[in-house]
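**Q** What follows is the residue order along each chain.
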Amino acid sequence: MTDLLLLFDMLLGLLIIGLAVAALRVRDLFAMVVMFVTFGLMTALAWVRLAAPDVALAEAAIGTGVTGALLLKTLYHLRRVSGTLHLPEALSERPPDPQVPRAVIAANAVMCGLVVIGLAAAFVTAPLGGPGFDAAVADAMPESGVDHPVTAVLLNFRAYDTLMEVVVLLAAVIAVWLVERSLPQSDPPVMGEVYEGFARLVLPGAVVVGVYVLWAGAVAPGGAFQGGAVLAAVGLLLLMSHVYEPAPAHRAAARGLFVLGVAVFTGVALLVAWGGRAVFEYPPGLAKPLILLIEGMVTISIAATLAALFHGREPGVQPRPADTSEGAQ
Amino acid sequence: MTPALIYGLTGIVVFGIGLFGALCVRDRLRRLLALNLCGMGAAFVLVAGAWRMPPDSADPVPHALVITGIVVLVSATAVALALIRRLHTLESAPEEIPEDTPE
Chain L
1 MTDLLLLFDM LLGLLIIGLA VAALRVRDLF AMVVMFVTFG LMTALAWVRL
51 AAPDVALAEA AIGTGVTGAL LLKTLYHLRR VSGTLHLPEA LSERPPDPQV
101 PRAVIAANAV MCGLVVIGLA AAFVTAPLGG PGFDAAVADA MPESGVDHPV
151 TAVLLNFRAY DTLMEVVVLL AAVIAVWLVE RSLPQSDPPV MGEVYEGFAR
201 LVLPGAVVVG VYVLWAGAVA PGGAFQGGAV LAAVGLLLLM SHVYEPAPAH
251 RAAARGLFVL GVAVFTGVAL LVAWGGRAVF EYPPGLAKPL ILLIEGMVTI
301 SIAATLAALF HGREPGVQPR PADTSEGAQ
Chain G
1 MTPALIYGLT GIVVFGIGLF GALCVRDRLR RLLALNLCGM GAAFVLVAGA
51 WRMPPDSADP VPHALVITGI VVLVSATAVA LALIRRLHTL ESAPEEIPED
101 TPE
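Line by line, the protein sequences are chains L and G.
Residue 39 in the UniProt record's numbering is what sits at position 39 of the first sequence, and the numbering runs on without skipping anything.
Residue 71 in the UniProt record's numbering is what sits at position 71 of the second sequence, and the numbering runs on without skipping anything.
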């Protein structure tokens, strides 16, 4: 039995390596995105084998789902701008690696090979399964307010990391809005009737799944980031099926949603500190409600931010005059 | 031979592939993807390092670090993709810009 599973692990590892190579080698950019998404899903499967279901959920939802949607949107934009949208073969105006000399490629390959060998030697000889943070986390679990160790680490023991992560998301959406400000409006692709029906069927279910994943995070794999990503998928469906059209009047609300997570997170930390404790040292009886409050607000923020990262453009902002003439062409 | 060893080595190879791609690929979208592969490879090694023999449960701290890393990676990817879209739009209409600058 164990041998069969190990065989499965080896095959999966080889498949993952093969998909990584294929994603970089395949000529068609659409096929490249498909390879990358498959790579992400296989990675999630590998992480389930490594007893990391939370990480696998996050990878499947955010690393694969949201990243795949972002890549496809960019691909659509590039093909529309370069006028190759109607062509069956995707954008290949530049053949791969036209100017890189063979010697440079060979030298890079040798160097990367050496790096891999060095890292592999270090990894194999390192004491695997040595003492980590397991014991410290297990000792502190009763005080954490939740029953699932990963959620306890994310929102209690190492809450600073998580706060900064939400800040990074906020910074990303600000940067994307600024960069896209002077791009001409690009019409979203028109979806067919099958898609519209699909969206109508899937939307309610996705909302329930997203909230459940958030709620389950307290006792089982799941939590704010995975739940937020599922709810962001709801936002993506709404945007693509034109059920929801971002309007200029919604800008203030959108900004409020982006900041909500950071604001509540920081507010709770400061209130706790005001009560004479360390910044993220929740009072024992209140740990669970506080963590749920933060998780809920952060989930809403993450969902809104990821959907906005996909939509890209700040609603209602007109491009500068110089760019409008470009867009009219 | 454990799953941690197999997937740890897988992650290191994926990292190497990503590094090579980031150095040698000309296409912007594909180079961004190569950098993503590097990040995934590093995450693989962290998750493999957190694995324990079955009766024991895995170390949650690296798991939390990787979840944070995935979210930061998608944020950075979104910003890079916005920059790629903008660069591509600017490049596809180069002759428009000099006409407009005198205004």
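Treat the hints as calculated values from the structure; they're not laboratory data.
A few of these clues could be false.
Unchecked claim - Among chain L residues calculated to face chain G with C-beta under 7 angstroms, some are:
(1) 9
(2) 48
(3) 51
(4) 133
(5) 149
(6) 154
(7) 197
As the list claims (entries may be wrong) - Counterexamples of contact, computed for chain L against chain G with all Cβ distances above 10 angstroms:
(8) 13
(9) 109
(10) 196
(11) 200
(12) 219
(13) 238
(14) 242
(15) 264
(16) 266
This structure is a prediction, so every number in the text was calculated from the model and none was measured.
Backbone N, C-alpha and C fix where the C-beta goes; we use that ideal spot for every residue, glycine too.
**Q** A separate judgement is required for each hint: does it hold in the structure or not?
**A** Hint check results:
1. A least Cβ separation of about 5 angstroms between residue 9 (chain L) and chain G falls short of the 7 angstroms threshold, and the interface hint therefore holds.
2. For residue 48 (chain L), the interface hint is violated, since its Cβ never comes within 7 angstroms of a Cβ in chain G; the closest pair sits about 10 angstroms apart.
3. Given hint, residue 51 (chain L) at the interface with chain G, holds; its Cβ is 4 angstroms from that chain's nearest Cβ, closer than 7 angstroms.
4. Checking residue 133 (chain L) against chain G by beta carbon gives a least distance of about 4 angstroms; that is within 7 angstroms, so the hint holds.
5. Taking 7 angstroms as the C-beta cut-off, the interface hint given for residue 149 (chain L) holds, the closest approach to chain G being about 4 angstroms.
6. Interface restraint check: residue 154 (chain L) against chain G, minimum CB-CB distance 5 angstroms, threshold 7 angstroms, status holds.
7. A distance limit of 7 angstroms between C-beta atoms decides the matter here; for residue 197 (chain L) the minimum to chain G is near 29 angstroms, and the interface restraint is violated.
8. A beta-carbon of chain G is positioned within 10 angstroms of the beta-carbon of residue 13 (chain L); the least distance is around 4 angstroms.
9. Remark: the non-interface label on residue 109 (chain L) conflicts with the geometry, its nearest Cβ contact in chain G lying 6 angstroms away (cut-off 10 angstroms).
10. The beta carbon of residue 196 (chain L) is kept farther than 10 angstroms from every beta carbon of chain G, the shortest such distance being approximately 26 angstroms.
11. Against chain G, the non-interface label of residue 200 (chain L) holds: every CB pair exceeds 10 angstroms, the least being about 27 angstroms.
12. Residue 219 (chain L), annotated as away from the interface, keeps every beta carbon of chain G farther than 10 angstroms; the closest lies near 14 angstroms.
13. A cut-off of 10 angstroms between C-beta atoms confirms that residue 238 (chain L) is not in contact with chain G; the least separation is 18 angstroms.
14. With a least CB separation of 21 angstroms from chain G, residue 242 (chain L) remains clear of the 10 angstroms interface cut-off, as annotated.
15. Distance check on residue 264 (chain L): its Cβ is at least 17 angstroms (rounded) from any Cβ of chain G, clearing the 10 angstroms threshold; non-interface status holds.
16. Annotated as non-interface, residue 266 (chain L) keeps its C-beta farther than 10 angstroms from every C-beta of chain G; the closest such distance is 17 angstroms.
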